[in-house]
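Please model the complete structure; the sequences and the hints are all you need to start from.
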Amino acid sequence: MAGNKGRGRAAYTFNIEAVGFSKGEKLPDVVLKPPPLFPDTDYKPVPLKTGEGEEYMLALKQELRETMKRMPYFIETPEERQDIERYSKRYMKVYKEEWIPDWRRLPREMMPRNKCKKGPKPKKAKDAGKGTPLTNTEDVLKKMEELEKRGDGEKSDEENEEKEGSKEKSKEGDDDDDDDAAEQEEYDEEEQEEENDYINSYFEDGDDFGADSDDNMDEATY
Amino acid sequence: MTQAEIKLCSLLLQEHFGEIVEKIGVRLIRTGSQPLRVIAHDTGTSLDQVKKALCVLAQHNLVSYQVHKRGVVEYEAQCSRVLRMLRYPRYIYTTKTLYSDTGELIVEELLLNGKLTMSAVVKKVADRLTETMEDGKTMDYAEVSNTFVRLADTHFVQRCPSVPTTENSDPGPPPPAPTLVINEKDMYLVPKLSLIGKGKRRRSSDEDAAGEPKAKRPKYTTDNKEPIPDDGIYWQANLDRFHQHFRDQAIVSAVANRMDQTSSEIVRTMLRMSEITTSSSAPFTQPLSSNEIFRSLPVGYNISKQVLDQYLTLLADDPLEFVGKSGDSGGGMYVINLHKALASLATATLESVVQERFGSRCARIFRLVLEKKHIEQKQVEDFAMIPAKEAKDMLYKMLSENFMSLQEIPKTPDHAPSRTFYLYTVNILSAARMLLHRCYKSIANLIERRQFETKENKRLLEKSQRVEAIIASMQATGAEEAQLQEIEEMITAPERQQLETLKRNVNKLDASEIQVDETIFLLESYIECTMKRQ
Chain A
38 MAGNKGRGRA AYTFNIEAVG FSKGEKLPDV VLKPPPLFPD TDYKPVPLKT GEGEEYMLAL
98 KQELRETMKR MPYFIETPEE RQDIERYSKR YMKVYKEEWI PDWRRLPREM MPRNKCKKGP
158 KPKKAKDAGK GTPLTNTEDV LKKMEELEKR GDGEKSDEEN EEKEGSKEKS KEGDDDDDDD
218 AAEQEEYDEE EQEEENDYIN SYFEDGDDFG ADSDDNMDEA TY
Chain B
8 MTQAEIKLCS LLLQEHFGEI VEKIGVRLIR TGSQPLRVIA HDTGTSLDQV KKALCVLAQH
68 NLVSYQVHKR GVVEYEAQCS RVLRMLRYPR YIYTTKTLYS DTGELIVEEL LLNGKLTMSA
128 VVKKVADRLT ETMEDGKTMD YAEVSNTFVR LADTHFVQRC PSVPTTENSD PGPPPPAPTL
188 VINEKDMYLV PKLSLIGKGK RRRSSDEDAA GEPKAKRPKY TTDNKEPIPD DGIYWQANLD
248 RFHQHFRDQA IVSAVANRMD QTSSEIVRTM LRMSEITTSS SAPFTQPLSS NEIFRSLPVG
308 YNISKQVLDQ YLTLLADDPL EFVGKSGDSG GGMYVINLHK ALASLATATL ESVVQERFGS
368 RCARIFRLVL EKKHIEQKQV EDFAMIPAKE AKDMLYKMLS ENFMSLQEIP KTPDHAPSRT
428 FYLYTVNILS AARMLLHRCY KSIANLIERR QFETKENKRL LEKSQRVEAI IASMQATGAE
488 EAQLQEIEEM ITAPERQQLE TLKRNVNKLD ASEIQVDETI FLLESYIECT MKRQ
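So the protein lines, in turn, are chains A and B. For the first sequence, this note's numbering gives the first residue as 38, with consecutive numbering after it. For the second sequence, this note's numbering gives the first residue as 8, with consecutive numbering after it.
No lab work stands behind these hints: they were computed from the structure. Heads up, some of the hints might be wrong.
What the hints assert, rightly or not - To be clear about the criterion: a stretch of chain A counts as covered by chain B if any three or more of its residues have a C-beta under 8 Å from a C-beta of chain B, and this derived list gives those stretches: (1) 67-73; (2) 96-110; (3) 141-147.
Said to hold, decoys possible - Pairs of lysine-lysine residues, derived as DSS-like cross-links and limited to a Cα-Cα distance of at most 30 Å, are as follows: (4) B/K396 x A/K81; (5) A/K98 x B/K404; (6) B/K399 x A/K70.
As the list claims (entries may be wrong) - Beta-carbon label-pair distances, calculated as ranges: (7) A/P138 x B/L491: 23 to 33 Å; (8) A/D77 x B/H381: 48 to 58 Å; (9) A/L74 x B/H48: 45 to 55 Å; (10) A/K186 x B/S53: 28 to 38 Å.
For glycine and all other residues, C-beta sits at the position ideal for the given N, C-alpha and C.
Take a look at the structure:
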């Protein structure tokens, strides 16, 4: 094309004077890095407006912020359950008014469907709660009967104590929802314990226990 | 919706309604209208939570719904309405200046609750006012009702669209969602209620600063047993009317700055006369004759008719063209050019931003380019009387920040750069949009910084709150000065210093938010009216 002033030589495709640089002038350096994140400003910002209106609006704004947090429209995220329930948390809860929207103005699908969820759940928990210690005690009784037949009274006593210890530990791990159930568990176990304290096997073979065997042993050794 | 707007909406929703509502709201703003199950699935929240969040958003007029075919209901969020939450303090303060404390509290309750029935508003406001009054005095419902009626008459509050009353002749199953309708005539119609009563003061035993649980907290819904006379008629704050008021305020103060107090009063009178007759989006007010204006001037002003005519002529001849003359009957018919006024205000904002950012010489160049509309590089140096190098530098700086743009005018059809004119020009609409976007970003930054500052000093803030609570309770039970002193010393001097600094910073950030919002209002009004014109 006409206008090539020589191959390979750098030439501007447009009239450099139009952009404001005179011919042959040193062009500004090429910038090789992104602009700084917080550049210095030559001109500092103008101070904020002050006045009665502005102060009032400022106070209003801060007040509104606090008020909104206490309204029933502020839905808090459900906290994760903590390992140990802090005593102080019970007294720091903020009580909010309940708000019920006008269902006539909203689509029908918005209404929460309460299908007796509250009924079965705690019952289940209670059943589960009650079930395990009962089965535990049943197992223990069965085991004890077996051991009775073997005639090893002391060992069964120790095993019994171990089993009761593990049951108690599992009790402590129970949720507080099952308070009633736990109490019942404890009560049941206490009853059972009382019954188990005096193990039948311990005293049934009363003839073989204690003095007789010792006397026999003494006399037997020579 | 730009990213900056979405970010700002997210911060506002989180601060005012919590994280769950924020998640749902932002999802809707981002993706447009969606049905319930899709929202629950995409955000990973349970259906129950989504329903609660949508109820809250609908109550505050932030989300609307529509029934599509096959009975699917889709929900849509209004991003611009969410951004209005920044302006709540300004709305409330404006009502205070116009209708004093009663009006202020009415608008505050309406804004905090989204929508309320008139009886609910009156009761709440009366209770609140009674709290602040001296012992033994109570606020009468009638006074609050009167203020409410006045607010409705001047259109500051309006009725929400309501469920249409269908007769039982409709045989089909009820629709999945009601279609809310409102009749233009009924929008400001106050129902005939005879609200009799006085505000109730909460007994001091009921007030618990720490919110300790009582055995059975008295529920405030005991009144639901009585049938509410205006059931189903909800009221909301009419934000458009407030915006109209702000616009009028801006025009009047601009005239006062440019000319003098008297001319601003004249303009204020003209605007007041056209409040109800002109719609908020009209390009200019209805023509007003000079005689009418003379009769409607406020009582304190005793300027003669001739002086008024002189002022009007001056205003009409002003190059800013706030006031225009549209005829000669009745002593001269004058209009206020609302769109031109907004354009001038937006331009003035742009000029001021350029001046504060780049200096007064840059501002001179900017004004020059505005005046000349299209101007070449060489001519800029000549007209502005600024040395070439500096002028070049400033032009490029403004160009890179998008305050200006280049217009190419090719001399030849092949658009060869050497044979093309490059003219600098200012496109006010796009520059205003750019500035608006920057404002959204600034407010988002301000809010984030404020939250960061508060989080950093959370422990200290909680400690100081506890100490204050202790001091308050001790004062109530009559403690000695020495004991109070001891408690106060629980906060050490450097901690006190830290608290002071924190308070000052938070105040500054909050005040900045309010003022950036004023700029946002001007720019948004300008952009809105320009888009309507096209």
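These are the hints, each one checked on the structure:
Under a criterion of three residues with beta carbons nearer than 8 Å to beta carbons of chain B, the stated coverage of the segment 67-73 of chain A fails, only 0 such residues being counted. Closer than 8 Å: that is the beta-carbon criterion, and the segment 96-110 of chain A has 9 residues meeting it against chain B, so the requirement of 3 holds. Using a Cβ-Cβ cut-off of 8 Å, 7 residues of the segment 141-147 of chain A lie near chain B, which meets the minimum of three, so the contact claim holds. Distance check on the hinted pair: B/K396 and A/K81 sit about 24 Å apart at the alpha-carbon level, within 30 Å; holds.
Using a Cα cut-off of 30 Å, the hinted pair A/K98 and B/K404 is violated, with the two alpha carbons roughly 37 Å apart. Simply put, B/K399 and A/K70 have alpha-carbon atoms about 23 Å apart, close enough for the 30 Å limit, and the pair holds. Between A/P138 and B/L491 the Cβ separation comes to about 46 Å, which falls outside the hinted range of 23 to 33 Å. One distance hint, 48 to 58 Å for the beta-carbon pair A/D77 and B/H381, is violated here, with the actual separation near 34 Å.
Distance hint check for A/L74 and B/H48: the Cβ-Cβ separation is about 39 Å, which falls outside the suggested range of 45 to 55 Å. The beta-carbon spacing between A/K186 and B/S53, approximately 55 Å, falls outside the hinted interval of 28 to 38 Å.
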